[in-house]
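Novice: Residue strings, one per chain:
Number of protein chains: 2
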Amino acid sequence: MFSEKALKIELSPIERIMERVTSETINLAGGSPDPEVIPVQEIKHAFEEVVAEWGASAFFYPGAGGLEELRKQIRSYASYLGVAGGDVAVTSGAQHALTLLCASLLSGEAFAHENPTFVEGMNPFLFYGGLSLPIRVDQNGLVVEELEARVKSNKPKLVYTVPLCHNPTGVNMSEQRRKKLVELAEKFDFFVVEDDPYRPISEKQPTPLYNFSQERVIYVGSLSKALAPGLRIGFIITKNQELLQRVKALEQMDFSTSTSNQLLASRLLKKGVVTQRLQALREHYKQKMRILVESLKRHQIPLVFEPQGGFFALIDAKKHAEQVAHEALKKGVAVVPAKPFYFDGTGQTHLRISVGPVPKQKIDEGVWILSKVLKC
Amino acid sequence: MFSEKALKIELSPIERIMERVTSETINLAGGSPDPEVIPVQEIKHAFEEVVAEWGASAFFYPGAGGLEELRKQIRSYASYLGVAGGDVAVTSGAQHALTLLCASLLSGEAFAHENPTFVEGMNPFLFYGGLSLPIRVDQNGLVVEELEARVKSNKPKLVYTVPLCHNPTGVNMSEQRRKKLVELAEKFDFFVVEDDPYRPISEKQPTPLYNFSQERVIYVGSLSKALAPGLRIGFIITKNQELLQRVKALEQMDFSTSTSNQLLASRLLKKGVVTQRLQALREHYKQKMRILVESLKRHQIPLVFEPQGGFFALIDAKKHAEQVAHEALKKGVAVVPAKPFYFDGTGQTHLRISVGPVPKQKIDEGVWILSKVLKC
Numbered sequence: 001m002f003s004e005k006a007l008k009i010e011l012s013p014i015e016r017i018m019e020r021v022t023s024e025t026i027n028l029a030g031g032s033p034d035p036e037v038i039p040v041q042e043i044k045h046a047f048e049e050v051v052a053e054w055g056a057s058a059f060f061y062p063g064a065g066g067l068e069e070l071r072k073q074i075r076s077y078a079s080y081l082g083v084a085g086g087d088v089a090v091t092s093g094a095q096h097a098l099t100l101l102c103a104s105l106l107s108g109e110a111f112a113h114e115n116p117t118f119v120e121g122m123n124p125f126l127f128y129g130g131l132s133l134p135i136r137v138d139q140n141g142l143v144v145e146e147l148e149a150r151v152k153s154n155k156p157k158l159v160y161t162v163p164l165c166h167n168p169t170g171v172n173m174s175e176q177r178r179k180k181l182v183e184l185a186e187k188f189d190f191f192v193v194e195d196d197p198y199r200p201i202s203e204k205q206p207t208p209l210y211n212f213s214q215e216r217v218i219y220v221g222s223l224s225k226a227l228a229p230g231l232r233i234g235f236i237i238t239k240n241q242e243l244l245q246r247v248k249a250l251e252q253m254d255f256s257t258s259t260s261n262q263l264l265a266s267r268l269l270k271k272g273v274v275t276q277r278l279q280a281l282r283e284h285y286k287q288k289m290r291i292l293v294e295s296l297k298r299h300q301i302p303l304v305f306e307p308q309g310g311f312f313a314l315i316d317a318k319k320h321a322e323q324v325a326h327e328a329l330k331k332g333v334a335v336v337p338a339k340p341f342y343f344d345g346t347g348q349t350h351l352r353i354s355v356g357p358v359p360k361q362k363i364d365e366g367v368w369i370l371s372k373v374l375k376c
Numbered sequence: 001m002f003s004e005k006a007l008k009i010e011l012s013p014i015e016r017i018m019e020r021v022t023s024e025t026i027n028l029a030g031g032s033p034d035p036e037v038i039p040v041q042e043i044k045h046a047f048e049e050v051v052a053e054w055g056a057s058a059f060f061y062p063g064a065g066g067l068e069e070l071r072k073q074i075r076s077y078a079s080y081l082g083v084a085g086g087d088v089a090v091t092s093g094a095q096h097a098l099t100l101l102c103a104s105l106l107s108g109e110a111f112a113h114e115n116p117t118f119v120e121g122m123n124p125f126l127f128y129g130g131l132s133l134p135i136r137v138d139q140n141g142l143v144v145e146e147l148e149a150r151v152k153s154n155k156p157k158l159v160y161t162v163p164l165c166h167n168p169t170g171v172n173m174s175e176q177r178r179k180k181l182v183e184l185a186e187k188f189d190f191f192v193v194e195d196d197p198y199r200p201i202s203e204k205q206p207t208p209l210y211n212f213s214q215e216r217v218i219y220v221g222s223l224s225k226a227l228a229p230g231l232r233i234g235f236i237i238t239k240n241q242e243l244l245q246r247v248k249a250l251e252q253m254d255f256s257t258s259t260s261n262q263l264l265a266s267r268l269l270k271k272g273v274v275t276q277r278l279q280a281l282r283e284h285y286k287q288k289m290r291i292l293v294e295s296l297k298r299h300q301i302p303l304v305f306e307p308q309g310g311f312f313a314l315i316d317a318k319k320h321a322e323q324v325a326h327e328a329l330k331k332g333v334a335v336v337p338a339k340p341f342y343f344d345g346t347g348q349t350h351l352r353i354s355v356g357p358v359p360k361q362k363i364d365e366g367v368w369i370l371s372k373v374l375k376c
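Protein chains in written order, with the working numbering: chain Y, 1 to 376; chain F, 1 to 376.
Isolated chain Y (complex conformation):
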């Protein structure tokens, strides 16, 4: 009954775990931001202002490509984040941006990516692409030297990377590797899709890949971490007008994202509500990550990498991670088995731990419970 491609996409381990999370669970699984720092009152106020200013037209069809109102604000926000100029398409979150890019560019061609990598981000690559080339990650991000060898023989059309606060390892790609990756893209004629959702909340601010080559790198950003994921506002930045027009045409297949949310986000950006929060957000998540790392060390749970920021750390349970996650959930702690983040069959004993949604004061308790499960 179903298309072969559709059968490639499985319900992700994150979705499956999150379905079983209750308000009692210590949620070390989700990739959502901390509810404590979602600016609910500012959003509410902005919604009132949008309705007062736009009336019924705040609820018209959004049109493909996004409202100019918001595109303009995103251009200026991105420059604040240090992302070099380019034009903007608004998408329904960064995930939708990845899907539009893959639908535009891939039709069975090979693509490369970090291994492990963000399992849900991979879905459109698996759906539209052909051969997947998983490339090792170390403490400095994607091992670009290994990519080079694979590129020569397999000629990927796209390389998918989360070079900052990598999901699920928490590492950052080094400056040297960033330069090298873009050189490879130029030499071997591939595009880099830079998925950069954590930049707004990352203490460290390495140069975006995009800045090294606006021809070869397509930048994907999001307001999900700095504002709220439920608004579904993401964006693509590119200098390539042809690509932008293609994305816009394909966006007719779902008409982009809510008009009122676009106007609301535009307003919050314009008022400076988003940029004014970034310093505090960076401090907030840095503290949470420090608490997590200290707690993991105290409870002798080994990290696979030293996380550099963002929401995620990868640990080695030294036993079957699926079972550990199952047992932990029974004891009230949600974590994500990381095997589905690996595309070479490894990672069976790894778990992804998130400091996103969990209250700061619950992190240590969650890790303590997890450590007991690991000792069983």
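Derived by calculation from the structure, the hints in this document are not laboratory data.
It is possible that some hints are incorrect.
Identical copies carry no separate label here, and so any pair may be met within one copy or between two of them.
[What the hints assert, rightly or not] When the alpha-carbon atoms are kept at most 25 angstroms apart in a straight line, the in silico SDA-like pairs for lysine to any residue are as follows:
id : residue 1 : residue 2
1  : K157      : E145
2  : K180      : E215
3  : K248      : Y342
4  : K339      : G63
5  : K8        : Q245
6  : K319      : T349
7  : K157      : F127
8  : K204      : K288
9  : K248      : E15
10 : K8        : K239
11 : K271      : V40
12 : K5        : L133
Note that the structure is a prediction, hence the values are computed from the model and not measured.
Given chain Y's structure and the hints, the job is docking chain F onto it.
Specialist: Here is chain F on its own, set in the frame of chain Y:
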């Protein structure tokens, strides 16, 4: 650079015209509902209630498949509309529903559809499907007898239809044809995608195709006409749990639609705000359509079909429609050349006229200006 499939999708004539519509234009082009009947204050109030009840969690990731909160309300709303039971997936408007269904079910297979048909609805069929089988429309909708002949030789996997207030002709499929279509689906093993966005605002309420066979028909609905398109709330109804799970998995590629809008729509449905408006909406659009039809007759502009409800009527300009639309826009009236709605190369002289967004008292003026352009 681009995938072959991506190049199949052109920016639609509606998008292109709408980009040139200003607040001064008499808009007989757009498929938006009338701003006058978008319940702005009720939406604003519901948003406040959602924030008060849900706090930050109103802005979490929505998760694939839609919030149970809203799915439950849609099940009951659909039964109010006379759509027989089934389960619900929430989508980002009906357009997104069509895309998810095509991505799930089509991979180069043939598909059939009305000719003319809704040009934007066709995009996912063109993208994912193979051979397109355009089937003639008459005053009673899709000419099912002609479909039968094509089905025998070309074995489509899906038949796409807008059987009520058809876009762009305004006709309804007769009860007899509805039955016959579903019989053919059973006999020749195809699925029918019933795109039914106008049911909430249609005076006439023929039995949904879905009710004739919940196995063979997949129902697609929307809150865009009864509430507001800018909220991006559509839905799929099916009895097929396997299909629903497949749609949910694919919805991970864009994470469905805004969480706060889902909660807002759920609240408006629960409070009865949507259902209480339907009678007035039906009367409103019926009046607008009557004004349009009378005005067209008075100004001797020939209708291709007698519209039965909804937003659209198809006229025959008896000259090159693209030029007429261009001239009309210069004189302040937007209409859509209908050739792109035809998939057999015909329709060069046809124009789609909409009574959706235009103020009631502007319809006759718009038609009068159009008639002058036609006489040039």
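Novice: Against each hint, give a clear statement of whether it holds in the structure.
Specialist: Hint check results:
| no. | hint | result |
| --- | --- | --- |
| 1 | K157 x E145 | within (18 angstroms within a copy, 47 angstroms between copies) |
| 2 | K180 x E215 | within (15 angstroms within a copy, 55 angstroms between copies) |
| 3 | K248 x Y342 | between (32 angstroms within a copy, 22 angstroms between copies) |
| 4 | K339 x G63 | between (39 angstroms within a copy, 21 angstroms between copies) |
| 5 | K8 x Q245 | between (28 angstroms within a copy, 13 angstroms between copies) |
| 6 | K319 x T349 | within (5 angstroms within a copy, 70 angstroms between copies) |
| 7 | K157 x F127 | both (15 angstroms within a copy, 20 angstroms between copies) |
| 8 | K204 x K288 | within (15 angstroms within a copy, 59 angstroms between copies) |
| 9 | K248 x E15 | between (29 angstroms within a copy, 10 angstroms between copies) |
| 10 | K8 x K239 | between (32 angstroms within a copy, 23 angstroms between copies) |
| 11 | K271 x V40 | both (15 angstroms within a copy, 23 angstroms between copies) |
| 12 | K5 x L133 | both (18 angstroms within a copy, 23 angstroms between copies) |
The earlier numbered hints are all upheld by this structure, with none contradicted.
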